[in-house]
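Q: Make the full structure from the sequences, and use the hints.
Heads up: the sequence shown at position 175 corresponds to 175 in the numbering used here, and the numbers run straight through without jumps.
Incorrect hints may have been included.
To be verified - EDC-like mimics (lysine to aspartate or glutamate), calculated; alpha carbons at most 20 Å apart, straight line:
1. Lys216 / Asp82
2. Lys33 / Glu4
3. Lys216 / Glu70
4. Lys211 / Glu4
5. Lys211 / Asp201
6. Lys216 / Asp31
7. Lys33 / Asp166
8. Lys33 / Asp138
9. Lys33 / Asp178
10. Lys66 / Asp201
11. Lys33 / Asp64
12. Lys216 / Asp29
13. Lys211 / Asp29
14. Lys33 / Glu195
15. Lys66 / Asp82
Hints were generated in silico from the structure; no laboratory data involved.
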Amino acid sequence: MALEIDVFWSFRSPWSYLATPRLRAWQRDYDLKVNFRPVYPIAIRTPEFFLQMNPLWPGYFQRDLKRVAEFLSMPLTWPNPDPVSQYRGEDGRPRTSQSQPHIHRLTRLGVVAEEAGHGIEFADEISALIWTGTGNWDQGDHMALATQRAGLDLAECDAMVTAQADRLDGVIEQNQVDHEASGHWGVPTCAFRGEPFFGQDRLDVLLWRLKQEGLKPR
1 MALEIDVFWS
11 FRSPWSYLAT
21 PRLRAWQRDY
31 DLKVNFRPVY
41 PIAIRTPEFF
51 LQMNPLWPGY
61 FQRDLKRVAE
71 FLSMPLTWPN
81 PDPVSQYRGE
91 DGRPRTSQSQ
101 PHIHRLTRLG
111 VVAEEAGHGI
121 EFADEISALI
131 WTGTGNWDQG
141 DHMALATQRA
151 GLDLAECDAM
161 VTAQADRLDG
171 VIEQNQVDHE
181 ASGHWGVPTC
191 AFRGEPFFGQ
201 DRLDVLLWRL
211 KQEGLKPR
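A: Written out as C-alpha cells, the structure is:
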C-alpha cells in the first residue's frame, strides 16, 4: 500500500516552486501518493504580516532565495504579473490590494487539478511558468500549454472553477484549517502521519522519514 503525504502549498510562494519538481519526481519514482492541497498565500490569509515583519527580513529573504535557486540549479525570477496584487504604503511596506485578478483562480484551479488526479503535476508546470521569467504568463496560451503538460485541459478546468467556485473555496478553507492543524503555518509544509516538515530544505529529512516507514521505489 502506497504511503501518502499532504503538501500544503501556495502559487505565490517561490519556496513552493523550488520544492515541487522533487515532490513530482517522488510520486513518479516511489510508491507514494502526494496529496496536493493548495492554500492561499500569507498575503491573502494574513495580510498584516507585512506590517509586522522585521525590517531585515525582506533583504535576507531575497538573498537567501537567490542562492537557494542557484544551489538547486533552478531559474527564478520574480513573476510578472505577481500572483498577488500588492502596493506600497507611505511607510514603504507592502499592502494587499482589494482586487486580486489571479490568486483565487490559480488556487481554485489547483483544487480542480488535484481532484482530477494531476495536482502535483499542475503545481509543477504552473509554478515553473510563473517563477522562471515568463512575462505575462497569464496571457496568450502560456497557461493552456502548461496545463496540457500536466495532463489537463485548461478550458475544462476553468469551466469547473466558474461553476463550482463556492465549493472549491470550501476545499481551500479546509486545506488551510488542516494546514494549521498539521503543526505549521508556512508553505510548503509536507505532513506525514502527524509530523510536519516545513520548507523545501526539509524534503531530504522527509524522504529519510518515509524510507524509515517503508517507502519503496516503483
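Q: Mind checking the alpha carbons of Lys66 and Asp82 for me, to see if they're no more than 20 Å apart?
A: 17 Å, holds
Q: So if I understand the rule, the pair passes when the alpha-carbon distance is 20 Å or less; does Lys211 with Glu4 pass?
A: 12 Å, holds
Q: For a C-alpha distance cap of 20 Å, please report whether Lys211 and Asp201 respect it.
A: Cα-Cα ~17 Å, so holds.
Q: Would you mind confirming whether the straight-line C-alpha gap from Lys33 to Asp178 stays at or under 20 Å?
A: Roughly 18 Å between the alpha carbons, so the hint for Lys33 and Asp178 holds.
Q: For a C-alpha distance cap of 20 Å, please report whether Lys211 and Asp29 respect it.
A: 13 Å, holds
Q: For the pair supplied as a hint, Lys33 and Asp64, is the alpha-carbon distance within the 20 Å limit?
A: 30 Å, violated
Q: Check whether the Cα positions of Lys216 and Asp82 lie no farther apart than 20 Å.
A: 39 Å, violated
Q: Quick one, are Lys216 and Asp29 close enough, alpha carbons at most 20 Å?
A: 9 Å, holds
Q: Tell me if the straight-line CA distance from Lys33 to Asp166 falls inside 20 Å.
A: Roughly 27 Å separates the two Cα atoms, so the pair is violated.
Q: Holds or violated: Lys33 and Glu4, Cα atoms, limit 20 Å.
A: Holds. Lys33 to Glu4 sits at ~5 Å (cutoff 20 Å).
Q: Sort out whether Glu70 lies within 20 Å of Lys216, counting only the CA atoms.
A: Measuring from Cα to Cα gives roughly 30 Å; hence the hint is violated.
Q: Going straight from one Cα to the other, do Lys216 and Asp31 come out at no more than 20 Å?
A: 6 Å, holds
The structure fails hints 1, 3, 7, 8 and 11 (numbered hints given earlier, in ascending order).
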